[in-house]
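Engineer: So the sequence lines, in the order shown, correspond to chains A and B. So for the first sequence, the numbering used here puts the first residue at 202; every next one is plus one. So for the second sequence, the numbering used here puts the first residue at 2; every next one is plus one.
Worth flagging that the hints you see were computed from the coordinates, not collected in a lab. Note that beta-carbon positions come from the ideal geometry of N, C-alpha and C, so glycine has one too. Hints should not be assumed to be uniformly reliable.
Unchecked claim - Chain A regions said to be covered by chain B (calculated; three or more residues, Cβ under 8 Å):
| id | segment |
| --- | --- |
| 1 | 260 to 272 |
| 2 | 303 to 315 |
| 3 | 322 to 332 |
| 4 | 438 to 447 |
| 5 | 530 to 543 |
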Amino acid sequence: MTRPASAAMILGTAAFIVALAVVLALAVQAASQNSTEYLLGGVSVEEVARHAVLAPQIVDYEGTKVLSVLRGELMETVTINEAHRRPSKTRLDFLSPEGVAGRLVIDDGIQTWHYEPRLNIAFQGPSLAAPADLAVTWPPGRYRVRLLGVEEVIGRPTAVLSLWPRDGRRERRLWIDRTTGVALRSEERDADEGLVSTAYFTRISFGLNVPDALFRPRLPAGARLIAQGGAPGPLLPLPVLERMIGFALPVPHALPGGFTLVGGEPVRAGPLLAAHLHYTDGARTVALFIAPAARLGPPGRGAPVAQLGSGARTVVMGSMRLLLWEGKGTRLTLVGPLPLVDLVRLATVITPGH
Amino acid sequence: MPHRFEQQLSAYLDGELLVDEMTEVRLHLAGCPSCQAELEELRATKHLVGRLVEPDLSRAFAADLWGRLEREAPRRRLWWPVSRPRPAMALAAVALALILVAVPVVRDHRDRLHAAEVGPDLFMRAATQAAADDPFMDRAYLGLVATDANLRLAGEDPRGTGR
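Just chain A, same shape as in the assembly (with noise of 0.2 Å):
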């Protein structure tokens, strides 16, 4: 007679524990959220995250900022005077250090012209503008976007995000202005190789009118141009871009870490041709570049790269990094913002044998 009394508050005591579970749980996401949105003043995170993908094209401001970036095995610091015209015009004045000092990049939106001043060069080529439309699409699913806390940079109140692919190693920072969404600080953080490019702003000045005269080139007299050709055209796809560099190009559609290919193009350089294949996660691109080995001489730098053969090399620069190695008779590049680890993942997926 006892047993089924015992077994009937068994089972209840269980549904009331899963049931308080639940509840808890509920709570506890509703509280996070509820902090959440009283932190942020009523917004999501993800609207803090849109703005700040907007915040270029509805803000002007001028400041100086401070780049620190992995080159090579050492950190390099790099002060930089910064002027933004909404809604794509970008100047870069580098200050500092020794080595950059005088630099000068003027991006008009449409095309970039750099102007080396040691060397009286300027080169002129594409606009390193991001697409006017990727607020619509931002964040992309495969993205986690977290808010840290809020905190103060330079004085001004900023929602710290973080943006983790969703099985990526590679975590961002961001600093987010609440006024306008202004990055004023950033950060890359890996899980293996740690800190590896850092960038803030140590003034800024907003709502100004920006004069449009500072993002017009004027090269001084005697400055050697060299062009680099203009706005890219439409990505193209494997067949057609196989047709116009004469060889074939077995790679993957999708590759791991949710990259997908969108389609290629062809580079050009002196008697170097190549195909680059664009693949994205919705928000970080990997290059892969492809070009026969035969018509290409040994790598004359990087560091060697074990797991993928003997003339394997990377090299890194802050968070973008570059890995080169050979198979099925041709030389593979991949560059792009992660960790040597998932490159070398990617790697072994386009070219099996390794």
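Go by the hints and put chain B onto chain A.
Structural biologist: Below, chain B alone, put in the same frame as chain A:
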């Protein structure tokens, strides 16, 4: 002596000088015993040579000479010097063949090395272009990477330190 007239004495003797030159030599001879003696020697030599008997050449000699001239004449029309030693020509031909073979090989090797050298910077430059689609990629950072790549592609050291 030496007199500038000494070289003119033979022509004077043969009557080959212009009137003014003839007068000038004559005036000089009047006051120069050395040139008078030289002139006499020349005159005596000329007289002796004039007394030499010319041998008669046989018909066969003339025919042989004309035959040799006929045989030699076509060779002179060739564009290369047949008369040069053949080993030298062979060496020159081998050297030319080596150059013709070596130039494309060296050029290809140089192009391959150049492509390997510029490849990473060319790709880094193109990748910064693609990375511009990331709205949170710092623009100053992209500018730094792209400009460093520009300089390396132009064969320059991005920091001017030689490293």
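Engineer: Does each hint fit the structure? Answer for all of them.
Structural biologist: Against the structure, the hints:
1. 260 to 272: holds (count 3)
2. 303 to 315: Coverage by chain B holds for the segment 303 to 315 of chain A (5 residues, Cβ < 8 Å).
3. 322 to 332: holds (count 9)
4. 438 to 447: violated (count 0)
5. 530 to 543: Holds, because 5 residues of the segment 530 to 543 of chain A bring their Cβ atoms closer than 8 Å to Cβ atoms of chain B.
Comparing the model with each numbered hint stated earlier shows that hint 4 is the single one that does not hold.
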